[in-house]
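Novice: Sequential numbering from 1 applies to the sequence shown in full-length UniProt numbering.
Bear in mind the hints are in silico, worked out from the structure with no lab data behind them.
Given the structure is predicted, the values throughout are model-derived calculations rather than measurements.
Computed beta-carbon distance windows for the label pairs:
| # | residue 1 | residue 2 | range |
| --- | --- | --- | --- |
| 1 | Arg101 | His128 | 16 to 26 Å |
| 2 | Gln168 | Arg76 | 41 to 51 Å |
| 3 | Phe26 | Ala197 | 18 to 28 Å |
| 4 | Thr8 | Glu110 | 34 to 44 Å |
| 5 | Glu110 | Thr192 | 19 to 29 Å |
| 6 | Pro222 | Arg101 | 26 to 36 Å |
| 7 | Pro231 | Ala79 | 45 to 55 Å |
| 8 | Gln168 | Glu238 | 18 to 28 Å |
Note that beta-carbon positions come from the ideal geometry of N, C-alpha and C, so glycine has one too.
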Amino acid sequence: MSDQQMRTFEELLAEGAAVPTEGWDFSWFEGRATEARPSWGYATALAGRLDRAASALDLQTGGGEVLDFALARAVRRPAPTVATEGWPPNAAKATALLRPRGVAVVTSPEDAPLPFADEAFDLVVSRHPVTAHWSEIARVLRPGGTYFAQHVGPGSGYELVEFFLGPQPREQWEARHPDRERHAAGAAGLETVDVRAERLRMEFHDIAAVVHFLRKVIWMVPGFTVEAYLPELRALHERIVAEGPFVAHSSRHLFELRKPHG
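Given only the sequences and the hints, what does the whole structure look like? Please build it.
Specialist: Here it is, written out as structure tokens:
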């Protein structure tokens, strides 16, 4: 590798490491990484669900970007509309974004019981929850209420994960299989209305995009830092320079579940 290439590699690492990671705004990746979107258009579909809801809860809202997008396109806002977020920097960002729309953001750890009364909402939504706590979702839903969410599916981005960590146990990927989640939801008393699944192409065009992605989506390579994975990052940079974008595949599934009456 030439001195110029070495400087470019170092500059890209520094750039990827410097980008703020709060929230779920992925606009920084434009021109540097791409991910195909599911055909069902979750955020747009969510706007229609909000139009028909009397009260709504958005779980693990991140920076509030998806809920904000949906509310901007909804004809009306359910009252109340509440969001939860467990990471304080995201909660602060979500509060600033959603407060003008009349949405309260509650800082609540992802693994804690939801701080709401039984049967408080007729719509519970979430985009990419780290974990779906089905018993709590069922508890806060009113009879006849709906859980509408887009989840990360099995083996999402595994090509990138295994580049850094080596082959991973298949059972680790299967933990997010929609059939397993549907069974767990059913055990909590929720009926399946619709489940759809798609696998979608991802491309990383430079190593800065990889660094920022792994810093932002922290469960992909737990404990990721540039320093800890410098050899792998260098090898991947050289591969991208020589062969073009690194290709991986995301996995997404859409859930529509209902809490039955009585």
